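One-letter residues, chain by chain:
Number of protein chains: 2
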Amino acid sequence: MTKNMMIAQSGGPSSAINASIAGAIERALAADEIGRVFGAVNGMQGLLERRIIDISEQITRADDIDLLIHTPAQALGSSRYKLPKDDPAIFDTILGILKEYDIGYFFYNGGNDSMDTVSRLSAYFRERGEDIVALGIPKTIDNDLVETDHTPGFGSAARYVATSVAELYLDTVVYPLPSVVIVEVMGRNAGWLTAASVLARDTGVPAPHLIYLPEVPFDADDFIAKTEKLLETEGQILVAISEGIRFENGEYVADTGAAADAFGHKTLGGVATVLEDLVKQRINVPKLKTRAIQFNTLQRAAAHCASAKDLEESYQCGYRAVEAALEGKTDVMVTINRTNDEPYQSYYALAPLSGIANKEKSVPLAWIDTKNADVTEEFIRYARPLVRGEATEKFVGGLPRFFRFDWSKTVKP
Amino acid sequence: MTKNMMIAQSGGPSSAINASIAGAIERALAADEIGRVFGAVNGMQGLLERRIIDISEQITRADDIDLLIHTPAQALGSSRYKLPKDDPAIFDTILGILKEYDIGYFFYNGGNDSMDTVSRLSAYFRERGEDIVALGIPKTIDNDLVETDHTPGFGSAARYVATSVAELYLDTVVYPLPSVVIVEVMGRNAGWLTAASVLARDTGVPAPHLIYLPEVPFDADDFIAKTEKLLETEGQILVAISEGIRFENGEYVADTGAAADAFGHKTLGGVATVLEDLVKQRINVPKLKTRAIQFNTLQRAAAHCASAKDLEESYQCGYRAVEAALEGKTDVMVTINRTNDEPYQSYYALAPLSGIANKEKSVPLAWIDTKNADVTEEFIRYARPLVRGEATEKFVGGLPRFFRFDWSKTVKP
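Residue numbers (this note's numbering), protein chains in the order written: chain B, 14 to 426; chain R, 14 to 426.
Simulated from the structure, these hints should not be mistaken for laboratory data. It should be emphasised that the depicted structure is a prediction, and the values quoted were computed from it without experimental measurement. Be a bit skeptical, because a hint or two may be false.
Copies of one chain are not kept apart here, so a pair can be met inside one copy or by any two copies together.
As the list claims (entries may be wrong) - DSS-like, lysine-lysine: derived pairs with alpha carbons at most 30 Å apart: (1) Lys-95 <-> Lys-112; (2) Lys-95 <-> Lys-302; (3) Lys-16 <-> Lys-372; (4) Lys-112 <-> Lys-293; (5) Lys-302 <-> Lys-98; (6) Lys-407 <-> Lys-293; (7) Lys-425 <-> Lys-374; (8) Lys-374 <-> Lys-112; (9) Lys-302 <-> Lys-16.
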């Protein structure tokens, strides 16, 4: 019996997230068991507001899927909406809408919050005896989902961070003056992406000289001591820090008055600026130049620097989610399971959502070299295969082309 | 008679500047008239300190030149040193060093300050009857040199800015919330690079919605009015501003207290942060999200996003500078002269340095649409050909490889 499919996206953007829906869409369009392929615009929020588009209608040209794969940030929009814990009526509403659209297959493409949503929906459908499967497709540049070796989106963001750090280092050494460049990388609780800056060294540069992750308490005195020493030996240094680094007492460095000025005013801006001010205040080196750089949203949107391996795996996660759904699987997420670092080998599997939802995977402490503010060779072996390959983006006149769904073209069941 | 060559670089980094020395080096290595090819590390400062390397000795592997072309930021280092106006002795010192190294050909690769240096050196050599030619090779992401249609380095930085603006726009529309993203682009006095953000629209996105250049006084009230209106019609907007925008009274927006907080404290950070605070204070839209993004030094170092056309032209400027020198030309800079926009056609020529040194070329007022905070179609036709083509950078394992001279291997004459 043919049933329709609904897919939606959630969480923060990445430059690989649309490769996942591209994989899911291609598999669905080829499946006899699946009728129409719907997309909810802006995740669960859009679903509840019936902002639903017909994907099969909008994917019309031969290269639409290819463009979609290389388009950064949720092509179906995202949402910060969380299903309320204590409102069973909302599940009835969602079920009602899915039944209106005759949905048999539901997919949610996002991070750990999204996996919680899928898990609860799946449980509810089963409880009610409804014939709807609900599956998760992983996504996050933060790489903090458990059960999977890594998450789609991480490799591309890591490639951007490592490449940019190497380029920034070359920029910083051109003047014969001492300098400290502090680069702030996303990651509130998990330092994976900041740690990936270490791959800049594969290009032959010594940067980053210091790496600070949120997994380990930040010691300002030690940071200053290390920086002073490196200024003597290296002259120009580059430091990579996670936005989420905290002091021993748990306070976010970004939130502290560590760099408060003479009048006690807190510094505006991110943690890189706080550390830049700290360096200015505590290090007395003549003509010292300091610079705080935030990669900001570029690190999650820079599709022009996506990793081909990441896009391929992201695509496969979507593709295999649909395959699993066709086999009747529900309440699971597609995982990537590594069997070898070099040559890199992995296979795809499924893991129950209950073990994934609301959990966060940190960088193992054994992979962090706290003494040297660095990461270990184990981390490097882990990260290296994930940034491989240049995405063959579609350029016209040197500039990328994107696929964009028309969100205003909503459809009735 | 064989003479040696000396080349040096100056000014701010760009991702195309090494293509110029690559072109010069390749032409020089093939010239019977040129003996050894020396490089001064850190521009005139390094020359005066006799930090001189033998380039012919260090370019040894088949792909060194290709790597050099794709390596961002001065491979010979840069310097902020300016020749003093009233110290004739310094010219004697420079001449002495050049004669020690038996230099007949001197090249300086930089912006308008550098062209002033070359011009004065050339005049001095002629005055003294010395047989040394001195030529300029243009470089600057700012695109503010006169006499040339555009400068090497501009196209690559423009490609990075336009690509990143398009990607950032896609990132900003994923949430169904009103938002204002303010992107700060380099350019203290000339708005060329900020104006190039308009090319993001070639990718199909409507961003940037507003463009502010330093050529036109910035009107805060008008900016707020336009932003409010766009928030109503578009919901999410992206504004591109030059770091050097000024109010009618000449004061830099970045320096003003426009966004001083309730206690009169000035905002730290760049002009994007000042405007972000202005939006926060003056626009009352529920749930409005604001974000200030600085491209910072990434825009001049992102070789991974270089324009192939820019690298080709940068290479040719270096190559042709050596050709001109071999013909006995001195006190000139290589220029790029456009004859057609579409298809893009240009030829290389030479222009006297006296007409270039210390001058700045602004965006013509006729190309700025002040009423709509935009640029005109003329500007777009001008900029479009310069961002074309993807640089075929050398990647190993997904990450770039660079060529770096060993600056410590200085050589005696």
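Each hint, compared with the structure:
With identical chains, the CA atoms of Lys-95 and Lys-112 are at most 30 Å apart within one copy only, with a shortest distance of 21 Å there and 74 Å across copies. Taking the shortest Cα distances, Lys-95 and Lys-302 sit within 30 Å of each other only across copies (19 Å), while inside one copy they are farther apart (44 Å). For the identical chains of this complex, Lys-16 and Lys-372 are neighbours neither inside a copy (32 Å) nor across copies (69 Å), given an alpha-carbon limit of 30 Å. Proximity of Lys-112 and Lys-293 under a CA criterion of 30 Å is satisfied in neither setting, with 61 Å inside one chain copy and 43 Å between copies.
Within a single copy, Lys-302 and Lys-98 get their C-alpha atoms only as close as 51 Å, which misses the 30 Å cut-off; across copies the closest is 26 Å, which meets it. Neither within a single protomer nor between protomers do Lys-407 and Lys-293 lie at most 30 Å apart by alpha-carbon distance, with minima of 44 Å and 37 Å respectively. For a Cα distance limit of 30 Å, the shortest separation of Lys-425 from Lys-374 qualifies neither inside one copy, at 40 Å, nor across copies, at 57 Å. Taking CA atoms no more than 30 Å apart as the test, Lys-374 paired with Lys-112 passes in neither setting, with 35 Å inside one copy and 64 Å between copies.
For a Cα distance limit of 30 Å, the shortest separation of Lys-302 from Lys-16 qualifies neither inside one copy, at 63 Å, nor across copies, at 39 Å.
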